[in-house]
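Residue numbers (this note's numbering), protein chains in the order written: chain A, 1 to 443; chain B, 444 to 705.
A couple of the hints might just be wrong.
What the hints assert, rightly or not - Cβ pair distances, simulated, as ranges:
1) A:52 x B:499: 24 to 34 angstroms
2) B:587 x A:313: 43 to 53 angstroms
3) B:470 x A:323: 35 to 45 angstroms
To be verified - Which bits of chain B does chain A cover? Going by a derived footprint, with three or more residues having C-beta under 8 angstroms, they are:
4) 514 to 521
5) 547 to 557
6) 617 to 625
7) 670 to 676
Claimed, not checked - To give an idea of the chain B side of the interface with chain A (calculated C-beta under 10 angstroms), a few residues:
8) 488
9) 506
10) 507
11) 527
12) 532
13) 542
14) 576
15) 577
16) 580
17) 584
18) 585
19) 589
20) 591
21) 601
Just so you know, these hints were derived from the structure itself, not from any lab. None of these values were measured; they are calculated from a predicted model. Note that beta-carbon positions come from the ideal geometry of N, C-alpha and C, so glycine has one too.
So the chains spell out like this:
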Amino acid sequence: MKNPEAVERMLADHALIGASLPGAGLPWLAREREEALARFATSGFPTTHDEDWKYTSVAPILRQALVAGASVGDADAAAGLIAALQLEPQAGHWLVFVDGHHAPQLSSLKPLPAGVVLGSLARALEQEPTQLAPHLSALTGQTVFGDLNTAFMADGAYLYLPDGAEVEESVHLLFLTTQSGVALHSRNLLIAGAGARATVIEHHAGVAGAVYLHNVLTQIALAENAAIGHYKLQQESAQAFHVAGIHASQQQGSRFESHSISLGARLARNDIATVFQAEGCDATLNGLYLAADGQHVDHHTLVDHAAPAGSSREYYRGVLDGAARAVFNGKVIVRPGAQKTNAQQSNHNLLLSCDAEIDTKPQLEIYADDVQCTHGATVGQIDEQQRFYLRSRGIDDAVAQALLVHAFAHDVVERIGVPSLRQRLEQILLARLPQAGHLGEAA
Amino acid sequence: MLEIKNLQVRVEQKPILQGLDLTVNAGEVHAIMGPNGSGKSTLAQVLAGRDNFEVTGGSVSYLGQDLLALAPEVRAREGIFLGFQYPVEIPGVSNVYLLKAALNNIRKHHGLPELDAFEFMNLIKQKMKLMEMNQELLYRSVNQGFSGGEKKRNEVLQMAVLEPKLALLDETDSGLDIDALQIVARGINALRSPERAIVMVTHYQRLLDYVVPDFVHVLSKGRIIKSGGKELALELEQRGYGWLEPNPVAAPARAGANGAAA
């Protein structure tokens, strides 16, 4: 067992709060939780000797004395922060979670198509547990943090789209953490029936300076021809730890889009995976990470082409400054028989300081012969010719650099299909740059 | 306006300019010609402030200031413009942004108010018309996907908008067909005025048919070895550079229009 003290702490925490977690009265869920906890007790926390955690050490998380779960926070006090975080409060459906708990008074849902369910997962476990059981039990690719999530999950969002349901406006899931010293485990479950469509924005933020762990797991099930766009904006507190899993499972002809924007947290780890269970699936995995100072950001992606005629494309960019460190591991598996697969992947990185570090690795495992797979990774610095060109036109050196960084990041931002999110990101990028006012028309 | 004295420049320990002298006064147009590797482009870039050169001796005075002490952006704001031999592509930064930022930075430097969007667009439209450029290019990334000719026209457009005091044009004529050459020449001629000076670095006589220089200089091995009037360019076209070289070892006399490219 690795990190035995930390594991003991987790087990002790579970003994304390396990009975009060949602769905405690459901035998199938109790069994899931127990099994997950048992696996965790055996495996312990990963170390850098584990291939999947080679470049990311969880030791800084374990050094914190974090207590599982948090009391229901002061939602009224959070209201001001929530308002500032909301992209377009009048538009879309808003589900707000404060310190891991659904805050109904801060949430607002518009009328939804018939049969669509959108709300708190904890509440759904009380009201319609049988619908959830097969999905919550079907978590593939078990990981340590996934097991911890299953054992400790307290709440999260539940979206159920019956066949053919189309939700026009975006579904916003806003997670705000206000307390220090807590470990929160949130679970989101998004189920799309045949031909159903929705766009979900998962937004994570924390109060400045708060030290906490948010371990969030989002499961997405796409039936035939369903289309789900998932956007994740991670703006946790600069002292926080963020560990996230996004696990999609795709049926025939379904389309999945994932955009992961990672800006905050001292340490952020994202495992984003999709499995093509049937023919003709399509997946887009895009991402942008900006890290500075001692930030550490890790993306592990997996596209599992387990069926023929699937297409996937993956486009990640990162900008690292100071002593920031980033990891990108892009795994693509083309299973035997998954002919006519088309998979593309690229990861480009811009290093602004000598102390910044990136470990980028494409990982292609191809067991079929009629496939097209491409991948590419680059690591570079500011282009001196571009920089001189801008300066020779009278633009300050600092602005020239910022402009080039902005242009580099913008290439991912412009792929974002939700206008309000794209605009917010523009603002965030601009605010990081000197003479921000001048850059408004950069694009 | 510009006074270069005994300028010596190295690149990676290799001497490129070896005691160059040149004086340019307001109102003058100078052409600098010379064989490949003679230091023409280096001269243009050193004057604009490219920092991968090492100045090991000499001085450059521009409007009474020590030019070499100024950052490239300050040189630009003080009125120096370099038309690049190879204009740089900058994905993600639009042409219109660059033009506006450049122009307003220069105006600010001179205590002038920034142009508002309306004034700015009026100015740009007028200059684009002069350069026969499609306005759609404004919203494209700087030089990205531009043809060779479009890039060079874009350089002259920037110059036309920024109205520099001293324009350094580094082979602005290369890669242009005859129509584009005439448009570019028109852009350059439109800038000629008693307050401005233009220094054109070129391989060929043909640009000089359209932008007639007051002075022609031949650069060889990092020095100006001959200066003259516009007739000198014609003579070079006929005879090549060999007859001027200090050590005419491998300098056969040439005939024909391409002789100057030796």
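Hint check:
1. At about 54 angstroms, the CB distance of residue 52 of chain A to residue 499 of chain B disagrees with the hint of 24 to 34 angstroms.
2. The supplied range of 43 to 53 angstroms is broken by residue 587 of chain B and residue 313 of chain A, whose beta-carbon atoms lie about 21 angstroms from each other.
3. Roughly 55 angstroms separates the CB atoms of residue 470 of chain B and residue 323 of chain A, a value that falls outside the hinted 35 to 45 angstroms.
4. Under a criterion of three residues with beta carbons nearer than 8 angstroms to beta carbons of chain A, the stated coverage of the segment 514 to 521 of chain B is upheld, 6 such residues being counted.
5. Proximity of the segment 547 to 557 of chain B to chain A, defined as three or more residues with a beta carbon under 8 angstroms from a beta carbon of that chain, is established by the 4 residues found.
6. Against chain A, the segment 617 to 625 of chain B contributes 0 residues with a C-beta closer than 8 angstroms to a partner C-beta. That does not satisfy the three-residue criterion, and the hint is violated.
7. Using a Cβ-Cβ cut-off of 8 angstroms, 0 residues of the segment 670 to 676 of chain B lie near chain A, which falls short of the minimum of three, so the contact claim is violated.
8. Interface restraint check: residue 488 of chain B against chain A, minimum CB-CB distance 8 angstroms, threshold 10 angstroms, status holds.
9. Hint on residue 506 of chain B is violated. Least Cβ distance to chain A is approximately 16 angstroms, over the 10 angstroms limit.
10. The criterion of a C-beta within 10 angstroms of any C-beta in chain A is not met by residue 507 of chain B, whose closest approach is roughly 20 angstroms, and the hint is violated.
11. With its C-beta approaching chain A no nearer than about 7 angstroms, residue 527 of chain B sits inside the 10 angstroms limit, and its interface hint holds.
12. Interface restraint check: residue 532 of chain B against chain A, minimum CB-CB distance 8 angstroms, threshold 10 angstroms, status holds.
13. With 10 angstroms as the threshold, the beta carbon of residue 542 of chain B comes within range of chain A, its nearest partner Cβ sitting at about 8 angstroms, so the hint holds.
14. The closest approach between the C-beta of residue 576 of chain B and any C-beta of chain A is roughly 17 angstroms, which is over the 10 angstroms cut-off, so the hint fails.
15. Annotation: residue 577 of chain B was flagged as interfacial toward chain A, and the flag is violated, the nearest CB pair being 19 angstroms apart, outside 10 angstroms.
16. Violation of the interface hint for residue 580 of chain B is found here, the shortest Cβ-Cβ separation to chain A being roughly 15 angstroms, above the 10 angstroms cut-off.
17. With a least beta-carbon distance of about 8 angstroms to chain A, the hint placing residue 584 of chain B at the interface is held under the 10 angstroms criterion.
18. Among the interface hints, the one on residue 585 of chain B holds; its C-beta lies about 8 angstroms from the nearest C-beta in chain A, closer than the 10 angstroms criterion.
19. With 10 angstroms as the threshold, the beta carbon of residue 589 of chain B stays out of range of chain A, its nearest partner Cβ sitting at about 14 angstroms, so the hint is violated.
20. Interface restraint check: residue 591 of chain B against chain A, minimum CB-CB distance 16 angstroms, threshold 10 angstroms, status violated.
21. Below 10 angstroms, beta-carbon pairs count as interface contacts, and residue 601 of chain B has one with chain A at about 7 angstroms; its hint therefore holds.
Of the numbered hints listed earlier, those contradicted by the structure are 1, 2, 3, 6, 7, 9, 10, 14, 15, 16, 19, 20.
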